[in-house]
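Sequence order for the protein chains is A and B. Under our numbering, residue 450 is the last one in the first sequence; the count climbs by one each step, no gaps. Under our numbering, residue 450 is the last one in the second sequence; the count climbs by one each step, no gaps.
Honestly, the hints are just simulated from the structure, not real lab data. Keep in mind that a hint or two might mislead.
[Claimed, not checked] Computed spacing ranges between beta-carbons, pair by pair: (1) Pro139(A) to Asp253(B): 31 to 37 Å; (2) Asp252(A) to Gly430(B): 25 to 31 Å; (3) Asp253(B) to Ser384(A): 28 to 34 Å; (4) Thr377(A) to Ser302(B): 38 to 44 Å; (5) Pro59(A) to Pro59(B): 43 to 49 Å; (6) Leu310(B) to Asn108(A): 31 to 37 Å; (7) Ala277(A) to Thr354(B): 39 to 45 Å; (8) Phe64(A) to Gly103(B): 35 to 41 Å; (9) Asp252(A) to Thr280(B): 46 to 52 Å.
Computed from a predicted model, the values in this text were never measured in an experiment. By construction, the Cβ of each residue, glycine as well, lies at the ideal position given by its N, Cα and C atoms.
Residues per chain are reported as follows:
Protein chains: 2
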Amino acid sequence: MESHVPQAVAESVRTLQPDIVDALQQLVRIPSQTGFEGQAQDAMASLMRRHGLEVDVWEPDPAVLEPHSESITVGSGFANRPNVVGACRGRGNGRSLILNGHIDTVAVGDPTAWNFSGLGGETADGRLYGRGACDMKGGLVANLFALRALRHAGLTPAADVFVQSTIAEEDGGAGALAAVLRGYVADGALISEPTNLAIVPAQGGSLMFRLQVPGLSAHACVRDDGVSAVEKFAYIHRGLLDFEARRNADITHPLYAGMRNKVPINIGTVNAGSWPSSVPELLVAEGRAGLVPGEDLTTFKAELAAEVAALAAADDWLRNHPPLVTWLDGQFAPAGISVDSPLVTVLTTAWMMTTSSHPRIEAVTYGADMRHFVITGGMPCVMFGAGDVRLAHAPNELIPLGDLFTAITTTAVFIAEWCGLA
Amino acid sequence: MESHVPQAVAESVRTLQPDIVDALQQLVRIPSQTGFEGQAQDAMASLMRRHGLEVDVWEPDPAVLEPHSESITVGSGFANRPNVVGACRGRGNGRSLILNGHIDTVAVGDPTAWNFSGLGGETADGRLYGRGACDMKGGLVANLFALRALRHAGLTPAADVFVQSTIAEEDGGAGALAAVLRGYVADGALISEPTNLAIVPAQGGSLMFRLQVPGLSAHACVRDDGVSAVEKFAYIHRGLLDFEARRNADITHPLYAGMRNKVPINIGTVNAGSWPSSVPELLVAEGRAGLVPGEDLTTFKAELAAEVAALAAADDWLRNHPPLVTWLDGQFAPAGISVDSPLVTVLTTAWMMTTSSHPRIEAVTYGADMRHFVITGGMPCVMFGAGDVRLAHAPNELIPLGDLFTAITTTAVFIAEWCGLA
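Using the sequences and the hints, build the whole thing.
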């Protein structure tokens with residue numbers, strides 16, 4: 029690569045800053061909760077066309093995805109929920125590249141918990157606020173403007189680059205999987221999830237489960253005649269936290285070394301009982317368990333079920349009234365590539381050329397769309413983007429604009445390095 | 029009393045058995061969940077008129093009850109929810125008597141949990157099944173037919189006897205309180221709640237509370253960045269069970285001696301979180317705490333709140349994010365009378381004359397309408413009736429018909445003993 033590329037691209041990004049912020053604001057202002065991505069995808073398609081890309085818009089076919097329904101959610105289908113892919117055709121012999129982001133977001137949640145409008149796209153102190161700001165309309169804008177910045181600097185990738193705006197990541201990634209199944213496979217893929225500018229070649233998996241713990245109803249005035257499902261659940265929950273601690277101690281994956289909780293088991297919802305004066309006869313909890321790359325979903329499911337069964341066997345009531353573990357839709361297999369993979373080393377080079385510093389190379393504990401590219405698509409994939417995943421589903425979600433510009437410049441340099449220039 | 033009375037009354041009850049069963053079946057078949065007592069009260073009024081009673085039917089006035097709204101539920105008022113009282117005027121100088129029962133029931137619940145129709149009034153193996161069979165349409169029928177059996181035997185009470193069918197016991201007893209406030213006060217009151225034929229001169233109180241335990245939301249993949257409201261609740265719940273154990277150890281009331289759990293603290297409902305993959309930021313539990321006679325509601329509320337505050341103070345998170353305890357409607361003050369009260373001794377005599385055995389004299393841990401008679405009405409009150417309270421709110425609620433007939437005979441003899449005969 030010629031040494032002027034990073035400077036030229038950085039200069040383009042500086043020039044494009046108002047357009048970048050404006051594009052992100054426009055996107056954040058269009059609600060696009062999972063299931064309702066249509067209007068935001070229209071905006072993405074328009075933006076891609078304005079950027080000169082060849083645009084493919086299609087609604088995924090439920091029949092094609094149905095065989096994968098354990099790992100994604102088909103639900104009521106994909107009407108008015110198209111995927112959008114913008115292609116920039118290469119004029120040479122470089123390595124092709126997919127730049128992926130998902131358009132769907134979680135709900136805004138309780139608006140009173142926000143200091144900003146959840147769909148306002150307001151900026152303050154160099155940050156842009158709103159649902160989806162970092163997860164991941166910021167990443168979508170970064171991918172699009174990385175390509176734009178390159179071309180603004182008069183540079184053209186030598187190989188095909190596909191900018192993808194896919195749907196339904198939050199409930200399993202039907203959109204990314206549908207893109208793979210449509211034939212969008214390249215020599216590498218970058219997902220601009222909010223990694224806080226770390227290079228992430230390994231991603232945890234996750235499974236969502238339901239746990240039904242039986243009790244025995246009785247009037248509260250004779251509560252000892254009943255069995256509280258709440259108390260029995262507390263016992264199972266303590267056991268699951270012990271199981272989590274043992275799993276953490278056993279994991280040797282190098283990128284997870286030193287991580288506080290490599291495989292969190294979270295109880296997210298609990299519902300029990302119907303009346304304050306009755307002993308609750310059923311507790312239903314739903315939760316999420318994390319996996320690290322190298323673990324297999326089927327094996328883990330059996331291990332967690334065995335753990336619950338062993339806990340039940342040690343309890344007088346649960347032995348004869350065993351809790352039921354079932355698995356919810358949206359299973360995320362863990363996925364990863366070697367830290368020595370060319371995708372990682374080229375992205376490392378791009379980062380160093382852009383920032384004159386060494387990148388952080390990390391694993392993350394969350395599941396996202398990487399598995400569809402790596403496992404189903406058979407291509408190397410890495411995640412890299414601005415923003416902190418800790419804010420992703422929280423009130424006051426934000427993206428630091430300086431980091432967003434750094435991500436865009438780095439991604440542009442990466443495209444040049446990976447694809448080559450025509 | 030003349031010694032032929034128990035035999036004559038028992039003979040009348042034997043003759044009236046088909047009528048008794050038929051009346052109870054008719055009543056069970058009319059749904060009368062709290063709030064919807066109207067149609068069943070029409071049936072009660074008709075039955076009382078057929079039995080020759082002077083009937084008073086009135087809808088309680090919310091304005092009169094409003095000052096008592098801490099201990100009863102006014103809710104949306106009492107339209108189509110009348111109280112019904114049938115008076116049998118005495119022709120002598122005996123002690124007047126109220127025979128009380130409530131017409132309202134809890135919901136049938138999940139019909140698949142029943143082996144019988146929840147509103148069918150079916151009989152099998154000497155038992156009558158259905159919602160309200162023992163709690164307490166059986167008691168209402170017992171009161172009415174006790175008086176009927178006496179008169180069938182040609183005997184007339186010397187003092188006024190009031191047979192009451194009151195509403196809204198299940199959510200606090202607005203009906204019984206309204207009867208007291210209307211001026212229905214007598215020299216003694218008997219409530220035919222299902223005491224399993226024990227004489228019950230002391231009744232526990234109860235308070236329903238809501239406990240809101242705060243957490244801190246985070247994505248499940250970094251769950252240690254959050255604070256699980258479910259885990260913090262488990263800690264508070266263990267503390268409340270310790271508090272319950274200490275209270276049990278401290279209670280010296282003689283009628284509660286040897287009782288397994290004198291003051292149960294029951295967590296009846298738990299609801300936390302909104303998504304399996306988020307750390308739950310709020311848990312809301314509702315429960316019921318029991319009190320024994322001699323305890324004061326206000327004092328106990330302060331003690332329970334102090335217990336929760338002390339637990340919170342010992343926890344790093346809860347210290348700065350304290351759980352909130354609030355009190356729900358339907359507060360039941362405990363109530364009781366001395367075991368040496370004439371009401372108890374006369375009922376003991378009636379039992380012995382009827383059954384040639386000694387009665388069980390017990391306290392119960394549940395709250396009901398006794399407090400309105402004792403505390404607001406200033407009259408002695410005792411509970412006595414057939415059926416097991418353990419089945420009261422459960423599937424397959426039933427009343428043993430043999431016990432019902434025994435209760436009716438005993439009550440008839442008791443009326444004769446208490447009121448005297450004209």
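Of all the hints numbered above, which does this structure not satisfy? Sort the numbers upward. 1, 9
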